[in-house]
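4 protein chains.
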Amino acid sequence: MHLFTDSYQFELEFSVRDYECDLQGIVNNAVYLNYFEHTRHTFLLSKNIDFAKLHTEGIDLIIARIEVDYKLSLKSGDRFIVRVNMFPEGPLRMIFEQYIFNLPDQKLVAQTRVTGVGIKNGRPMKLDAIHGFSGLL
Amino acid sequence: MHLFTDSYQFELEFSVRDYECDLQGIVNNAVYLNYFEHTRHTFLLSKNIDFAKLHTEGIDLIIARIEVDYKLSLKSGDRFIVRVNMFPEGPLRMIFEQYIFNLPDQKLVAQTRVTGVGIKNGRPMKLDAIHGFSGLL
Amino acid sequence: MHLFTDSYQFELEFSVRDYECDLQGIVNNAVYLNYFEHTRHTFLLSKNIDFAKLHTEGIDLIIARIEVDYKLSLKSGDRFIVRVNMFPEGPLRMIFEQYIFNLPDQKLVAQTRVTGVGIKNGRPMKLDAIHGFSGLL
Amino acid sequence: MHLFTDSYQFELEFSVRDYECDLQGIVNNAVYLNYFEHTRHTFLLSKNIDFAKLHTEGIDLIIARIEVDYKLSLKSGDRFIVRVNMFPEGPLRMIFEQYIFNLPDQKLVAQTRVTGVGIKNGRPMKLDAIHGFSGLL
Chain F
3 MHLFTDSYQF
13 ELEFSVRDYE
23 CDLQGIVNNA
33 VYLNYFEHTR
43 HTFLLSKNID
53 FAKLHTEGID
63 LIIARIEVDY
73 KLSLKSGDRF
83 IVRVNMFPEG
93 PLRMIFEQYI
103 FNLPDQKLVA
113 QTRVTGVGIK
123 NGRPMKLDAI
133 HGFSGLL
Chain A
3 MHLFTDSYQF
13 ELEFSVRDYE
23 CDLQGIVNNA
33 VYLNYFEHTR
43 HTFLLSKNID
53 FAKLHTEGID
63 LIIARIEVDY
73 KLSLKSGDRF
83 IVRVNMFPEG
93 PLRMIFEQYI
103 FNLPDQKLVA
113 QTRVTGVGIK
123 NGRPMKLDAI
133 HGFSGLL
Chain W
3 MHLFTDSYQF
13 ELEFSVRDYE
23 CDLQGIVNNA
33 VYLNYFEHTR
43 HTFLLSKNID
53 FAKLHTEGID
63 LIIARIEVDY
73 KLSLKSGDRF
83 IVRVNMFPEG
93 PLRMIFEQYI
103 FNLPDQKLVA
113 QTRVTGVGIK
123 NGRPMKLDAI
133 HGFSGLL
Chain C
3 MHLFTDSYQF
13 ELEFSVRDYE
23 CDLQGIVNNA
33 VYLNYFEHTR
43 HTFLLSKNID
53 FAKLHTEGID
63 LIIARIEVDY
73 KLSLKSGDRF
83 IVRVNMFPEG
93 PLRMIFEQYI
103 FNLPDQKLVA
113 QTRVTGVGIK
123 NGRPMKLDAI
133 HGFSGLL
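Protein chains in written order, with the working numbering: chain F, 3 to 139; chain A, 3 to 139; chain W, 3 to 139; chain C, 3 to 139.
In short, the hints are calculated from the structure, not lab data.
Any given hint could be a false lead.
Which copy is meant is left open, so a pair is good if it fits within one copy or across any two.
Straight line, CA to CA, 20 Å or less: simulated EDC-like cross-link-like pairs of lysine to aspartate or glutamate [said to hold, decoys possible]:
#1 Lys77 x Glu91
#2 Lys73 x Glu91
#3 Lys109 x Glu13
#4 Lys77 x Asp52
#5 Lys73 x Asp8
#6 Lys73 x Asp107
#7 Lys109 x Asp8
#8 Lys49 x Asp80
#9 Lys55 x Glu99
The model shown is predicted, which means the values in this text are computed figures rather than measured ones.
Next up, chain F with everything else stripped away, as it sits in the complex (with noise of 0.2 Å):
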């Protein structure tokens, strides 16, 4: 996995709700991948690239494969901003490299690297045939 740098295409600030922690205390595992997709998806529209859209018009964005390192802890009462850069893997893949920072001490909680694909009628397509992802990649 890419070493985080000081240079991000986009980020989005959240705060932990009450109901994303589990019995433990701190927020679920499982929860962190939300956050990963929501932050995603708020960057993607903001390059006219409409998830919800795309499903309406036959085109799904999926994930082939995902990788989180979980350094801390999120609970309660945390603030956090997550922060996502892009780029094309060969035609077909575009892959996320995304970090989650608490605020407002900066420390890395956690990283992922997630890869996506286009499928349309149920195969693979070119990322560039998206309307919108050409002028990403």
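Guided by the hints, dock chains A, W and C onto chain F, whose structure is given.
Relative to the frame of chain F, chains A, W and C by itself:
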């Protein structure tokens, strides 16, 4: 809300999953709606009413109102059973009365009354026009 | 349920996150309870009543009853605001009346009435014995 | 990641619940982590290692790293089985290799490799000091 009886149209057994518990160590209040929904959909499927398939045909079964009384708290390791009765309320509404009992004690944990409606093209539709419902109502 | 008014004790703005939508393309009915809870807890925290901290002190705020009327469906991309009023009902119960309005239209999406109680050592406790509540009630 | 074999230490069967599907009509990527966790905890409980009870004793089992490969999409109505193998990696880390196969076809849906650690008083602890683990490792 009706008193619960000894006669139910359907029942489904569950175990609490640890991720469903929140920082108080008990199942979060919203998760009970997941349990109730999964029981309703499994009940309807047993009557050949397929929630997901109806959506692809342009018919959405949605909830207009829900009331829940929480009597006991479910926690890690608990097993329980969800029981359901359904009946029509006029031509447009179906009522689900559902009860959660813990196991093996059979004590009442929660009960709900859910009002459901069918929507087609954004408008309420008569339930007996939905394939499978006429036999139920 | 009371009619909603123009006066609220607290409000919090949200955006729908795509993972909160179910296969019908609308926010799942249980997720509204997440929105309502997060608004209540943020409201209480603004009054120095900390849900998570109370738990570590042996006091659990739990829900005894909830009623929700669903008026409109939230979907991907929607923004909305949750407003809340709270008042006591006798010495043991607090009532939260909450309303979701979509943005920017301010149409009523859903409303709820939540009955909360405080529990210590498994028994209901007087709310004015909970630090922070006496100023609210 | 290891190739999956025909030999597993534990398996648990599930059905997709409709609320686990997102607006694409498939199970959301984060929900797979719920399936994996519930299978791990049920496996550990079968060995008398109780995730919730350990927390009350001041020991938290947490995830340091997770890798997931998504091969096929689960959707409404699908049944599947989650299989797990666990082995130690040094004195501090346990590795869970988990596989989801759909039913009745037994096709591989997803696989994960999860690195877990035990934490006591905020510090990593040797796994063989946790009651129940010594027999497993």
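Comparing the hints with the structure gives:
Proximity of Lys77 and Glu91 under a CA criterion of 20 Å is satisfied in neither setting, with 35 Å inside one chain copy and 28 Å between copies. Proximity of Lys73 and Glu91 under a CA criterion of 20 Å is satisfied inter-copy only: 18 Å between copies versus 26 Å inside one chain copy. Taking identical chains as interchangeable, the C-alpha atoms of Lys109 and Glu13 lie at most 20 Å apart only when both belong to the same chain, with a minimum of 15 Å there against 30 Å between chains. In the homo-oligomer, the alpha carbons of Lys77 and Asp52 lie at most 20 Å apart only across protomers (13 Å), although the nearest pairing inside one protomer, at 31 Å, exceeds that limit.
Taking the closest pair of Cα atoms, Lys73 and Asp8 come within 20 Å of each other only inside a single copy of the chain (19 Å); across copies the shortest separation is 33 Å, beyond that limit. Taking identical chains as interchangeable, the C-alpha atoms of Lys73 and Asp107 lie at most 20 Å apart only when both belong to the same chain, with a minimum of 14 Å there against 38 Å between chains. Taking the shortest alpha-carbon separations for Lys109 and Asp8, only the intra-copy value of 13 Å comes in at or below 20 Å, while the best inter-copy value is 42 Å. In this assembly of identical chains, Lys49 and Asp80 lie within 20 Å of each other by CA distance solely across copies; the values are 17 Å between and 29 Å within a copy.
Taking the shortest alpha-carbon separations for Lys55 and Glu99, neither the intra-copy value of 24 Å nor the inter-copy value of 34 Å comes in at or below 20 Å.
The earlier numbered hints that this structure contradicts are 1 and 9.
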